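Novice: Listed here are the chains, written in short residue letters.
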Amino acid sequence: MSELQSQDYVRISATTMTPPMARSHEDQVAKLIDVSRCIGCKACQSACMEWNDLRPEIGHFEGSYENPADLGPSVWTLMKFAEHENEQGNLEWLIRKDGCMHCEDPGCLKACPAPGAIVQYANGIVDFISDKCIGCGYCVKGCPFNIPRISKQDHKSYKCTLCSDRVSVGLEPACVKACPTGAIMFGAKTDMQQQAQLRIVELKTRGFENAGLYDPQEVGGTHVMYVLHHADKPSLYSGLPDKPRISATVDLWKGFIKPLGLAGIALAALAGFFHWISAGPNEVTEEDEAEGERVLREGEEKLS
Amino acid sequence: MSRPKNAIVRYTLANRVNHWITAICFVLLVLSGLSMFHPMLFFLSGLFGGGQWTRAVHPWIGVVLLVSYLGLIVQFWRENLLNRDDAAWMKSIDAVIVNDEEHTPPVGRNNAGQKLVFWSMTLLIPVLFFSGLTLWEVYFGSATSIPVQRAAALIHSLAALAAIIIWIVHVYAAIWVRHSVRAMTQGYVTPGWAWRHHRKWLLELAQHGKQDGAIVSTRKPRT
Numbered sequence: 317m318s319e320l321q322s323q324d325y326v327r328i329s330a331t332t333m334t335p336p337m338a339r340s341h342e343d344q345v346a347k348l349i350d351v352s353r354c355i356g357c358k359a360c361q362s363a364c365m366e367w368n369d370l371r372p373e374i375g376h377f378e379g380s381y382e383n384p385a386d387l388g389p390s391v392w393t394l395m396k397f398a399e400h401e402n403e404q405g406n407l408e409w410l411i412r413k414d415g416c417m418h419c420e421d422p423g424c425l426k427a428c429p430a431p432g433a434i435v436q437y438a439n440g441i442v443d444f445i446s447d448k449c450i451g452c453g454y455c456v457k458g459c460p461f462n463i464p465r466i467s468k469q470d471h472k473s474y475k476c477t478l479c480s481d482r483v484s485v486g487l488e489p490a491c492v493k494a495c496p497t498g499a500i501m502f503g504a505k506t507d508m509q510q511q512a513q514l515r516i517v518e519l520k521t522r523g524f525e526n527a528g529l530y531d532p533q534e535v536g537g538t539h540v541m542y543v544l545h546h547a548d549k550p551s552l553y554s555g556l557p558d559k560p561r562i563s564a565t566v567d568l569w570k571g572f573i574k575p576l577g578l579a580g581i582a583l584a585a586l587a588g589f590f591h592w593i594s595a596g597p598n599e600v601t602e603e604d605e606a607e608g609e610r611v612l613r614e615g616e617e618k619l620s
Numbered sequence: 178m179s180r181p182k183n184a185i186v187r188y189t190l191a192n193r194v195n196h197w198i199t200a201i202c203f204v205l206l207v208l209s210g211l212s213m214f215h216p217m218l219f220f221l222s223g224l225f226g227g228g229q230w231t232r233a234v235h236p237w238i239g240v241v242l243l244v245s246y247l248g249l250i251v252q253f254w255r256e257n258l259l260n261r262d263d264a265a266w267m268k269s270i271d272a273v274i275v276n277d278e279e280h281t282p283p284v285g286r287n288n289a290g291q292k293l294v295f296w297s298m299t300l301l302i303p304v305l306f307f308s309g310l311t312l313w314e315v316y317f318g319s320a321t322s323i324p325v326q327r328a329a330a331l332i333h334s335l336a337a338l339a340a341i342i343i344w345i346v347h348v349y350a351a352i353w354v355r356h357s358v359r360a361m362t363q364g365y366v367t368p369g370w371a372w373r374h375h376r377k378w379l380l381e382l383a384q385h386g387k388q389d390g391a392i393v394s395t396r397k398p399r400t
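Each protein sequence line maps, in turn, to chains A and B. To convert, note that position 259 of the first sequence is 575 in the working numbering; the numbers rise steadily by one, no gaps. To convert, note that position 170 of the second sequence is 347 in the working numbering; the numbers rise steadily by one, no gaps.
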């Protein structure tokens, strides 16, 4: 992506400039994942590997349906399986497709120190521009969802791109195309919100009173949203954060400490300079030399 | 090295080499660290061959600095122990600032300001080292939890800012008090310098003469 001229950025990491955003008259997009319709087939995982040419190393069976065990530099989406016993004592199998949530206010982008390594397009997609990534891992600390993974081979950070290459030419993301039950949908964010409401009404009639949309406002909303049967307890779904927010520590670190720190350094240097031109250098005088010589001479005389 | 006859050794060759290894590491760490701290200073990463190189090399320089500074602690801790003179010196800081030596109480080998620099760095460098370890993605990226790393990043940057400001004070003081730099480059000071800035140290030297060979100079005692 980075080699094409993009004029539709709304955010660029590590810059004090306004990004080129003239072509910003774009619909905000969103992927809607209807967890209640997911059958856990992992077609989305395969499609993601297929389209993005990712082949994670083959691991070991860990006693779980989750495979691979975790997200990784070449695992950008992962089905997570949670067994939940509901109030009636019945088993519910809560399967959630995990991956980048494409936050409207991305913590990774806020934490990134490399100019242009993380960008957000006008349509809301958050993308990592690998040739500018320095591999520091700050995005990992910035992310409220624990998504980015750093490769040990090339020291670059990777995550779901929401198939920004496909979306930019009018195609839906690969996982959406592959989903056999229509649990993954893609379109304008407003359309997806509407779609979700229809589904939530239906879920409520089926007895899921707390069905709802997961579009957490703490990060300004996300461009990947979930329909959850238990929207009151997102953490049931393999630890989906109930209230994801950029950590206050990160805000502090990447907020006013940056300008304040530089100002402090500049001020210390300036204080030195103005001290030099006001009080001036502290020079040894001839009297000092005479006194010093005298002390040493007297000392030697006493010793000898 | 050509020294005047009455030169007094202030820093031995070991002192100086150790100091300047530390200094070089510190400057490199400041440049590479600031490039990753503020976007306006990212251009500094060019000095190290780009962002990837800066990220890769910064922690290794930190390791060298820690080892080097441990050497300085071993060599200098004793003469930086606080005593009563330090309180008196700090109280008359107004006089110190305006070069009013008349009203500055005499001090020994180091004044309270120098001791403060020494002990601040003794505190900050290990803090920087250990917080830095948790941020060393390549080797320790998964050694600690993400909340710990977030806190470490904040602590690392705050400690670094404090260390940089102390370092500016240290460098400026060396320029301000003339011929202090020569003490750390060529190793010697004149009797006048010692009389003016570290009078008790000079008196001690005069009293003990060559007793402590490491302290006294090339100056030959008359017999």
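Don't read these hints as lab results, they were simulated from the structure. All values derive from a computational prediction rather than experimental measurement. Treat the hints with care, as some may be off.
DEER-style ranges, computed between Cβ atoms [stated by the list, open to error]: (1) B/G226 - A/G379: 19 to 25 Å; (2) B/V240 - A/D558: 27 to 33 Å; (3) B/A272 - A/A579: 26 to 32 Å; (4) B/V315 - A/N406: 43 to 49 Å; (5) B/S319 - A/G356: 26 to 32 Å; (6) B/Y316 - A/L576: 30 to 36 Å; (7) B/Y316 - A/T521: 53 to 59 Å; (8) A/E603 - B/L218: 32 to 38 Å; (9) A/A504 - B/S319: 46 to 52 Å; (10) B/S319 - A/A585: 35 to 41 Å; (11) A/G555 - B/M267: 38 to 44 Å.
Partial list, computed: chain B residues near chain A (C-beta under 8 Å) [as the list claims (entries may be wrong)]: (12) M213; (13) V346; (14) Y349; (15) A371.
Just so you know, even glycine gets a beta-carbon here, dropped at the ideal spot from N, CA and C.
Novice: Against this structure, judge whether each hint is valid.
Specialist: So, going through the hints one by one against the coordinates:
1. B/G226 - A/G379: 19 to 25 Å: violated, 45 Å
2. B/V240 - A/D558: 27 to 33 Å: violated, 40 Å
3. B/A272 - A/A579: 26 to 32 Å: holds, 29 Å
4. B/V315 - A/N406: 43 to 49 Å: holds, 47 Å
5. B/S319 - A/G356: 26 to 32 Å: For A/G356 against B/S319, whose Cβ atoms are near 27 Å apart, the range 26 to 32 Å holds.
6. B/Y316 - A/L576: 30 to 36 Å: holds, 31 Å
7. B/Y316 - A/T521: 53 to 59 Å: At 54 Å between Cβs, range holds.
8. A/E603 - B/L218: 32 to 38 Å: violated, 46 Å
9. A/A504 - B/S319: 46 to 52 Å: Given range 46 to 52 Å: violated, Cβ gap about 38 Å.
10. B/S319 - A/A585: 35 to 41 Å: Because 39 Å falls inside the window, the suggested range holds.
11. A/G555 - B/M267: 38 to 44 Å: Violated: the Cβ-Cβ distance is about 53 Å, outside 38 to 44 Å.
12. M213: holds, 4 Å
13. V346: Holds - the Cβ of B/V346 comes within 8 Å of chain A, reaching about 7 Å at its closest.
14. Y349: holds, 4 Å
15. A371: At about 6 Å, which falls below the 8 Å cut-off, the nearest Cβ of chain A leaves the hint on B/A371 intact, so it holds.
Of the hints listed earlier, those the structure fails to meet are numbers 1, 2, 8, 9 and 11, in rising order.
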